[in-house]
Amino acid sequence: MILRGAVVLLLFVTATLHASSQLTIIAPAAPGGGWDQTARVMQRVLAEIEPATSVQVDNIPGAAGTIGLSRFVQSERGNPDALLVTGLVMVSGVITNASPVSLSDATPIARLTGETEVIVVPSASPHQTLSDLIDAFRQNPGAVSWGGGSAGGTDDLLVRLLAEQVGLPASHVNYIAFAGGGAALAAVLGGQVTAAVSGYGEFAGQIAAGQLRPLAISAAARVAGINAPTLRESGVPMDLANWRAIVAPPGLSDAERDAITARVTRLAGSDAWKKAIAQHGWDDLFLAGADFRQFLLAEQARVEAVLQRLAATDPAGPPRLAMSITPTTVPNATLAIFGLLAAGLVVSRARARAVASQLPGFKMAALLGLALLLQPVLMLTAGFIVCSTLMFTVTASAWRGVRPSVTTIAKDLAVGAAFAIVIHAIFTTGLGVALPAFVIPNSLFVIS
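For the sequence shown, counting from 1, position 304 maps to 304 in our numbering; every step adds exactly one.
Don't read these hints as lab results, they were simulated from the structure. Check the hints yourself; a few may be wrong.
List of simulated lysine to any residue pairs, SDA-like, C-alpha gap at most 20 Å [claimed, not checked]:
#: 1; residue 1: 274; residue 2: 411
#: 2; residue 1: 274; residue 2: 256
#: 3; residue 1: 275; residue 2: 287
#: 4; residue 1: 274; residue 2: 49
#: 5; residue 1: 274; residue 2: 40
#: 6; residue 1: 275; residue 2: 205
#: 7; residue 1: 274; residue 2: 421
#: 8; residue 1: 411; residue 2: 421
#: 9; residue 1: 275; residue 2: 291
#: 10; residue 1: 274; residue 2: 288
#: 11; residue 1: 275; residue 2: 421
#: 12; residue 1: 275; residue 2: 314
#: 13; residue 1: 275; residue 2: 204
#: 14; residue 1: 275; residue 2: 290
#: 15; residue 1: 274; residue 2: 223
#: 16; residue 1: 275; residue 2: 308
#: 17; residue 1: 275; residue 2: 47
#: 18; residue 1: 275; residue 2: 411
#: 19; residue 1: 274; residue 2: 290
#: 20; residue 1: 274; residue 2: 224
#: 21; residue 1: 274; residue 2: 238
#: 22; residue 1: 274; residue 2: 204
#: 23; residue 1: 274; residue 2: 423
#: 24; residue 1: 274; residue 2: 105
#: 25; residue 1: 275; residue 2: 223
#: 26; residue 1: 275; residue 2: 49
#: 27; residue 1: 275; residue 2: 22
#: 28; residue 1: 411; residue 2: 47
#: 29; residue 1: 274; residue 2: 386
#: 30; residue 1: 275; residue 2: 423
#: 31; residue 1: 275; residue 2: 229
#: 32; residue 1: 275; residue 2: 78
#: 33; residue 1: 275; residue 2: 285
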C-alpha cells in the first residue's frame, strides 16, 4: 500500500514538473461535435487546475478524424505538449477510409468518457416514433436521409447496423456525412435530412427546447434524464456505446508518456472535470495505461469484424456514396450550377440589336449580390427546388442585362423549375444524396 502511494506521488510530481506552460489539444473535427466539446472541456478544466498552463484547441476536421490523426502523427512526433482527442469514430473511420495512418501510430494515454447515441427528427416531422421512421425507411430507403458525422464514423456505423437489423443492406442507407456535430445539427433543424444521429450531448439543448424529437437512444438500458426509449425497446435488438479518449504523438520516451498519463489522470479525477462531464451527460469511463492500450487493440479488432460482416452480407457490394458536406456546400454548388445554366441560356438567346431598356451595370451587380446573400437562407427555409428556381430567374435577369417582362419572368421560372426538378431527381433518386426540403412549420407535411 505504501509502495503504491509512493508510485502515485512520484507520477504526480513528475507530471507537475514536466507540465509545460503551453499545450495544444487537437480536435480532429469541426467545432460543435463531441471531439471539439471534449477538447474545450479539457481546456477549461486545465485552466482551473493548472492556471500557469496555456491550452490551445485546434480543429482539423475530415474523414472521421483521420486527416487530423495523420497530421498529428507526422507533425507532432516527439512533442510531449500535444494531445489528440480520439474515440470509436476514428477506430471505424481508419478502416472505412483505408487510412494509411492508424491509432497504432500514436501513443495511447487514456479513455475519458462514454456517451449514448441518439436518433432525432425535427419537431415538425411526421415520424413520431422510431417505428414510424423504420417503416418509411423500409418502404423507400433512398427517400429517408440520415445526417451525422464523418462517413465511417460511429453515427454512420449505427445507421448501417440499424439497416442490417431491419433487413436492408448497408448500401441502401442514404447517409449524409457532415464535418462535425454542429453542421449535422443545422442540417436536421433546417430540414436538409430526414433524421440525424449523434451523441446525445450534441443535440441535448435542442431536444430540451422542443426543436428536436428524440426517437431512440443506443444505450443498453434507459438513461436517467433522457426521455427516449432504447433501440431494443423500439424493436431493434442492438446497442452501441460511443467512447472518447486521448492519445499523444509517437516518438515519446516512457518517462514522457507516464508524465502525460499522470497529468490526464489528475484532470480526470478533478471535481471540475466530474462536474463538466455530468453537465454534458457523459459517462465517466476513465481507463489509462496498459489497460487502455489493451482496450484499444480489442476495439480495433471488434470494429473491423463488424465492418467485414456488414460488407459480406451486402449484396450490393461497397457502401453507397456518402457526401461530406458543410451547411454552405449545397447553396454554393447550386449558385454556381444555376449561374452557369442561366448564363448559357441568355447567351444562346442573345439578340443582335441593343435593347433600350438595359439595366445599369451596378443594378446587375446588386441583383447578383442580393441573390448570393439570400440564397443560403432560402435554401434552408424554402428548399432546393423553390430556391433554385428563384435563383435561376434572378441570375438569368442579371446576365441578360435587360429589364424583364412578365412573360420573360414566367419563362425563366418555368425553365428554372425544370432544371431544379431534374437536378433534384438526379441527386436524391440517382445518387441517394438528400437535398434541402421545404418544411411547413407545425405541419406534418414536407415538400422536397
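So, going through the hints one by one against the coordinates:
no. : hint         : verdict
1   : 274 with 411 : 63 Å, violated
2   : 274 with 256 : 25 Å, violated
3   : 275 with 287 : 18 Å, holds
4   : 274 with 49  : 13 Å, holds
5   : 274 with 40  : 14 Å, holds
6   : 275 with 205 : 18 Å, holds
7   : 274 with 421 : 52 Å, violated
8   : 411 with 421 : 15 Å, holds
9   : 275 with 291 : 25 Å, violated
10  : 274 with 288 : 17 Å, holds
11  : 275 with 421 : 51 Å, violated
12  : 275 with 314 : 44 Å, violated
13  : 275 with 204 : 17 Å, holds
14  : 275 with 290 : 27 Å, violated
15  : 274 with 223 : 18 Å, holds
16  : 275 with 308 : 39 Å, violated
17  : 275 with 47  : 15 Å, holds
18  : 275 with 411 : 61 Å, violated
19  : 274 with 290 : 23 Å, violated
20  : 274 with 224 : 17 Å, holds
21  : 274 with 238 : 29 Å, violated
22  : 274 with 204 : 18 Å, holds
23  : 274 with 423 : 50 Å, violated
24  : 274 with 105 : 30 Å, violated
25  : 275 with 223 : 18 Å, holds
26  : 275 with 49  : 14 Å, holds
27  : 275 with 22  : 24 Å, violated
28  : 411 with 47  : 62 Å, violated
29  : 274 with 386 : 48 Å, violated
30  : 275 with 423 : 49 Å, violated
31  : 275 with 229 : 26 Å, violated
32  : 275 with 78  : 33 Å, violated
33  : 275 with 285 : 14 Å, holds
Violated hints, in rising order: 1, 2, 7, 9, 11, 12, 14, 16, 18, 19, 21, 23, 24, 27, 28, 29, 30, 31, 32; the structure is consistent with all others.
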